[in-house]
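The hints should help you fit chain B onto chain A, whose structure is shown.
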Amino acid sequence: MDWDFIIISSVKIVCAVVALLTMVAYSVLVERKVSAFIQDRVGPNRTAPPLVAAIPVIGPFLVRLGIFQPLADGLKFILKEDFTPSHVRKIYFWLAPAVAMVPAFLTIAVIPFGSTLGKQNMVIADLNVGILYSFGIVSLAVYGIVLAGWASNSKYPFYGGIRSSAQMISYEIAMGMSVVPVFMMVGHLNLSEVIQAQADGGWFVWRSPMTFLSFVIFLIAAFAETNRLPFDMPECETELVGGYHTEYSSMKFALFFLGEYAAMIAVSSLMVVLFFGGWTLPFFGLNQPAESLGMGLLHIAIFLGKMLFFMVVFIWVRWMIPRFRYDQLMDMGWKRFVPLALANIVLTAVWMWWMA
Amino acid sequence: MSAPDLLFYLFAGLTLLSALLVVANPFSRNPVTSAMFLVLTMVFLSGLFVLLHAFFLAAVQILVYAGAVMVLFLFVIMLLDVKEEERRRIKAFSLGLGATGVGGLFLLIVISIFKGESGAGGYPRIEGSTFELGRLLFTNYLLPFEIVSVLLLVAMVGAILLSKKDLK
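In the order they appear, the protein sequences are chains A and B. So that you can map any letter, position 273 of the first sequence is 273 in our numbering, and since no number is skipped, the others follow by simple counting. Whatever position you read off the second sequence (first residue = 1), add 1000 for our numbering.
Just chain A, with the same shape it has in the complex (with noise of 0.2 Å):
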């Protein structure tokens, strides 16, 4: 372990972390610039910092886009009061929302956001088992929400947790088993090979309709596992007021919803590099590792742009769809997902042998 290796990790690691705080801080910005446009309003378009404004033409166009109210919402939510109940369990509640923020974040370090930037590769940590470690820490997610549920003691934040670990853990099962064909035509755990895959033979959407019915089923389970509309069932305003969140006020409600909109972008990033080529692109050479620092880039911004598509459709689903019903999600659950996932394997090892 040398100081070179050290101070290099370190360096990509506050990079993909500040990068990753600033997306989610403008997500937040494009979900309510999104949900405006779909629902025939303008969205936040008068926040400005005093000078800014003043600026003749690009001032008031950035107001108008509302550059500035990712900055206003932080404001917000540090000055105002941080409300503990009296009726809660504190160091539970306390702990919750670090808990729920934290996985989505661990998540990022096994992604490869890039090829090359000079001599270094764009990962931060090119793990043999990356799929399994981003599996697994999705799947400590789950405690930050029951903890708070749970820590609240009261009613309805409780029903949240409940649902929550119920859900979490049934599309848990149908996200892991759907991506197991893509691996079985890899032939290897680490996400860095994947990319490679599919440099060399296609992206895996399209490759065959296993590779397609995989990335259907592990779209729908990534929708449950973000506690995204169309299956935010441990939110559910209509029926739990705010779910899990009820009890939490000021920069501990604000963790929640950062924690969310930053399993989004984890939970997008996968999807990029486990079935739409990560940072490649199959014309112009851009799916061979970069040579040069400018190829470098623009690979990342490849990247960056899929993720972004996604993330949009997150966006567009939660505003065009209404919610399921508790017992219909458990039963698309288990009984829809679990066993497709399931025949989407031996039917890929069927084809597989017999294509060998």
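Keep in mind the hints are simulated off the structure, nothing from the lab. All C-beta atoms, glycine included, are put in the ideal place defined by N, C-alpha and C. Check the hints yourself; a few may be wrong.
Pairs of lysine-lysine residues, derived as BS3-like cross-links and limited to a Cα-Cα distance of at most 27 Å, are as follows [stated by the list, open to error]:
1. Lys90(A) / Lys1083(B)
2. Lys90(A) / Lys155(A)
3. Lys1164(B) / Lys335(A)
4. Lys1165(B) / Lys335(A)
Quick partial rundown of chain A residues pointing at chain B, CB under 7 Å, derived from the structure [claimed, not checked]:
5. Asn121
6. Ile124
7. Ala125
8. Leu132
9. Tyr133
10. Phe135
11. Leu140
12. Val142
13. Val146
14. Asn153
15. Tyr156
16. Ile169
17. Ser170
18. Leu189
Here is chain B on its own, set in the frame of chain A:
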């Protein structure tokens, strides 16, 4: 002492400490606290696996035990009456039984450590890729592997049978 050694003692100590806090926490008799410390134990254990270069086991340890089994534990605990559990007294008989069992097991392990000869250790090939692990499971260890899967199937069918109210 090198960094891996230091990390080993750190993880081993933390594993033992959190495992102790699962069963004998002086500050809280709350089952949820015990469950959370059990999760911590699992996480530190997977740290030990990483130090042994068993990355697959480490990841699966977190995925299966910390991520799935313990969530179900929590699910069940939350549906129970936690207050009643907190009031329950420890009986001398069960304490003695537990102590005897743990003591016997400890003795067994210590004896086998001192009787065994330290060698170079086997199967360094498993390190890294999961390919070798899968190959071994389906060749050398096929029978144990199949028996375990049948055992799991039996347990699952049994659970379904027990949870059905009226049998036809």
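Structure-based check of each hint:
1. Restraint check for Lys90(A) and Lys1083(B): the C-alpha separation of about 17 Å stays at or below 27 Å, so the hint holds.
2. Straight-line distance between C-alpha atoms of Lys90(A) and Lys155(A) comes to about 17 Å, which keeps the hinted pair within the 27 Å bound.
3. Distance hint between Lys1164(B) and Lys335(A) is fulfilled; the C-alpha atoms sit about 18 Å from each other, no more than 27 Å.
4. Restraint check for Lys1165(B) and Lys335(A): satisfied, since their Cα atoms lie roughly 21 Å apart, inside the 27 Å limit.
5. The interface hint given for Asn121(A) is violated, since its Cβ lies 17 Å from the closest Cβ of chain B, which is over the 7 Å cut-off.
6. A least Cβ separation of about 15 Å between Ile124(A) and chain B goes past the 7 Å threshold, and the interface hint is therefore violated.
7. Interface restraint check: Ala125(A) against chain B, minimum CB-CB distance 11 Å, threshold 7 Å, status violated.
8. A least Cβ separation of about 4 Å between Leu132(A) and chain B falls short of the 7 Å threshold, and the interface hint therefore holds.
9. For Tyr133(A), the shortest C-beta to C-beta distance to chain B is roughly 5 Å, which falls under 7 Å, so the interface hint holds.
10. Proximity of Phe135(A) to chain B holds as hinted, the smallest CB-CB distance being about 6 Å (cut-off 7 Å).
11. This hint holds: Leu140(A) has a C-beta 6 Å from the nearest C-beta of chain B, less than the 7 Å allowed.
12. About 5 Å separates the beta-carbon of Val142(A) from the nearest beta-carbon of chain B, less than 7 Å, and the hint is met.
13. Evaluation of the Val146(A) hint against chain B yields a held restraint, the C-beta minimum of about 6 Å falling below 7 Å.
14. The restraint placing Asn153(A) at the interface with chain B is violated, with a minimum CB-CB distance near 10 Å, outside the 7 Å limit.
15. At a threshold of 7 Å, the smallest CB-CB gap from Tyr156(A) to chain B is about 14 Å, leaving the interface hint violated.
16. Of the supplied interface hints, the one on Ile169(A) holds, with its beta-carbon coming within about 6 Å of a beta-carbon of chain B, less than 7 Å.
17. Contact between Ser170(A) and chain B, as hinted, is not supported at the beta carbon level, the nearest pair being about 10 Å apart and thus beyond 7 Å.
18. Because the closest C-beta pair between Leu189(A) and chain B is about 6 Å apart, less than 7 Å, the hint holds.
Of the numbered hints given earlier, the model fails hints 5, 6, 7, 14, 15 and 17; all others are met.
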